[in-house]
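Student: If you want the building blocks of each chain, they are given just below.
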Amino acid sequence: MNRIDYLFKNKPHSVLSVYFTAGYPRLADTVPVIKALSEQGADMIEIGVPFSDPVADGPVIQHSDAVALKNGMTLKKLMEQLKGIRQNTGTPLLLMSYLNPVLRYGMEAFCRDFATQGIDGVIIPDLPPEEYIKEYKTLFTAHNLKNIFLITPQTTEERIRFLDREGEGFLYVVSSRSTTGMKNSFSEKQTGYFMRLREMNLSNKLLAGFGISNRKTFDQACRYLNGAITGSAYIKALEKEDDPARVTREFIHNMKGENITG
Amino acid sequence: MNTTSLKAPREGYYGEFGGAYIPEMLYPNTRELQERYLAILESAGFRKELSSLLKDYAGRPTPLYYAARLSEHYHTHIYLKREDLTHTGAHKINNALGQILLARKLGKKRIIAETGAGQHGVATATVCARMGMQCTVYMGALDVVRQRPNVERMKLLGAEVVPVEQGNRTLKDAVNEALRDWISHPAETYYLIGSVVGPHPYPDLVARLQSVISEELMWQMKEKTGREEPDTIIACVGGGSNAAGIFYHYLDKPAVRLIAVEAGGKGVDTGKTAATIALGLTGILHGSKTYVIQDEDGQITEPYSVSAGLDYPGIGPLLSHLFREKRVEFYAVNDEEALRATRFLARHEGIIPALESAHALALLDKMTFPPDRHIVINLSGRGDKDLETILNWKNE
Ligand SMILES: Cc1ncc(COP(=O)(O)O)c(C=O)c1O
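Protein chains in written order, with numbering that gives the first Met the number 0: chain W, 0 to 261; chain G, 0 to 395.
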């Protein structure tokens, strides 16, 4: 069973998924960050592949992408870094990348190489679902990779039903009309949108993303959906300190509202 | 080559190129445009209003000028299609007028645009002022400096100009920021894109709106030479809108040689260049599958050209297809050559061209034509905005 499906089977609520940019803050930080996240209780990890022109991202991830690229991060290097990662963690791992680097790597090689290293799913924001279904779904299925679709406050009910029918792993609920970034809390309009989604009784699990940055936004999302994804806030935290393990422990415990022990 | 498919691309594809590679956040906006743009463009009301604005407001038709001294110098017949004489000084106004009417029809209140040379920004600010719409223009911070007069014009016209500090601080980065704005304001905002780039339907939409250039050229050629068809048409290419516009009605006339000129920058093999066809690989940029200058890891290469309007690492998908199909020939012209052509035209014809258009003119120095040929060059814009760059170069 794919680790994403397994996760939701065992933990249908309050799933915390954490996004970070590979090769950030230092090139060699990718694996230590994954280990730290997994040890400190992140339920799922999204490994961001840095891109020169990340149009769906706000300033924090734009910056981490630029730093990671300067550090020399590439898909090929990431592939090398991830060798043996499954000896260190059983946490579901996703790759998030814009389409161009993946196409340059080659979609077939990409699926083969990263599935071999134990990647469970992929998020490619600028690959339209229709194109995925037509061109790549068979390939992804053969490698037991989930391709995650996004829905937004602008998505019509008809299209949500379509994405739910075709969706795999979970649906990524973009919380608001914005690029990635941080918010202190969600408005009633946003929680109303989460509620409407919950009431649609969709067959996929729903994770909120974009704007989840503290315990409050995480809790708000978890009240209506199956969990949430946080990225910019974690990247901000990583940039401040040298020791990913320490930063990560504090970050996760703050998000989940648990006391830090030990 | 099947040219009907070029003029009504299915799902926005020209052969392999095109499409709409956009994040889900932009799906409703682009879908709405895809579903409605053709019906609106072809409606009688729209056509009537647009053609009246093109005539009385933008100053069309633009002259087809027989450049006698250029012709003498190059020993062939050279005509200039004078897009520089339009209101606001470049072909960009043709597109801006069409899209603002479309935006109004769609009920949009706020307009955003990107600009490189500032010509599209000025055209957009102009039509927004004319229609009473709010206007925000994204412009790379480097371009804000090197095209200063256009920044001042936009502000005077009431637009907000947002300098973009990311990347090389040029056109590509301005498009990124405009797309981010659109993601954040999907319902009320219309993205008035300035070239034949972006997700479907923009490449087709902009090509249709610019096709007025070749529509006029056909009867003007006939008037001047007795034939609708010149032997050769030359245009510069940034995203490709002035080229698409002047090629449009000749795409299915194989006897007409079509030549596109890219910005070589400091030289195609110097790493400081914007020659997309010379160096690009198929990829995805700004929502479209097309040739893109990129490295082996799929990161977009920061381009370079003295000409802000050509300083872009991509090209419209229609142009990529026309190159692949060998319908259009591509050449690169370097900074120096373009600057020399600028001065030459100024001294010999009394016309100061935009640095973009000067790239097309400079090809005359690199190519010879038999004496009885009729060559049309698209003089896409005027050079007022470039005076500082031109003067600095003379002093170097
Ligand atoms: C005068 C002029 N010509 C050409 C261009 C290049 O754009 P395109 O290739 O879309 O015509 C620009 C863009 O700013 C311009 O201002």
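Keep in mind that the hints were calculated from the coordinates and are not lab data.
Backbone N, C-alpha and C define an ideal beta-carbon position, used for all residues, glycine too.
There's no promise every hint is true.
Stated by the list, open to error - Straight-line distance between alpha carbons at most 25 angstroms, and here's what the computed BS3-like set of lysine-lysine pairs gives:
#, chain 1, residue 1, chain 2, residue 2
1, G, 54, W, 188
2, G, 6, G, 271
3, W, 235, W, 69
4, G, 221, G, 54
5, W, 239, W, 215
6, W, 188, W, 8
7, W, 69, G, 221
8, G, 107, W, 188
9, W, 182, W, 215
Stated by the list, open to error - Using C-beta positions, here's what the derived DEER-type ranges look like:
#, chain 1, residue 1, chain 2, residue 2, range
10, G, 27, W, 186, 14 to 24 angstroms
11, W, 238, G, 164, 13 to 23 angstroms
12, G, 27, W, 11, 53 to 63 angstroms
13, W, 222, G, 109, 30 to 40 angstroms
14, G, 325, W, 0, 44 to 54 angstroms
15, W, 187, G, 325, 33 to 43 angstroms
Student: Has the given pair, residue 239 of chain W with residue 215 of chain W, been kept, meaning a C-alpha gap of at most 25 angstroms?
Tutor: Given that 25 angstroms is the threshold and the Cα spacing comes to 22 angstroms, the pair holds.
Student: Taking only the CA atoms, is the gap from residue 107 of chain G to residue 188 of chain W under or equal to 25 angstroms?
Tutor: The hint holds at about 22 angstroms.
Student: Is the hinted pair residue 188 of chain W and residue 8 of chain W satisfied, with a Cα-Cα distance of at most 25 angstroms?
Tutor: violated, 30 angstroms
Student: Check whether the Cα positions of residue 69 of chain W and residue 221 of chain G lie no farther apart than 25 angstroms.
Tutor: Outside the cut-off at roughly 56 angstroms; violated.
Student: Are residue 238 of chain W and residue 164 of chain G spaced within 13 to 23 angstroms by their CB atoms?
Tutor: holds, 19 angstroms
Student: Has the hinted range 53 to 63 angstroms been met by the Cβ atoms of residue 27 of chain G and residue 11 of chain W?
Tutor: violated, 30 angstroms
Student: Take a look at whether the Cβ-Cβ distance between residue 187 of chain W and residue 325 of chain G falls inside 33 to 43 angstroms.
Tutor: About 59 angstroms separates the Cβ atoms of residue 187 of chain W and residue 325 of chain G, which means 33 to 43 angstroms is violated.
Student: Lying within 44 to 54 angstroms: is that true of the beta-carbon distance residue 325 of chain G to residue 0 of chain W?
Tutor: Given a distance of about 52 angstroms, which is inside 44 to 54 angstroms, the answer is holds.
Student: For a C-alpha distance cap of 25 angstroms, please report whether residue 221 of chain G and residue 54 of chain G respect it.
Tutor: holds, 20 angstroms
Student: For the pair supplied as a hint, residue 235 of chain W and residue 69 of chain W, confirm whether the alpha-carbon distance does not exceed 25 angstroms.
Tutor: holds, 18 angstroms
Student: Given a hint of 14 to 24 angstroms, does the C-beta separation of residue 27 of chain G and residue 186 of chain W actually sit inside it?
Tutor: Distance hint for residue 27 of chain G, residue 186 of chain W holds at roughly 20 angstroms.
Student: CB of residue 222 of chain W to CB of residue 109 of chain G, is that within 30 to 40 angstroms?
Tutor: holds, 34 angstroms
Going down the numbered hints, you'll see the structure goes against 1, 2, 6, 7, 12, 15, while the others check out.
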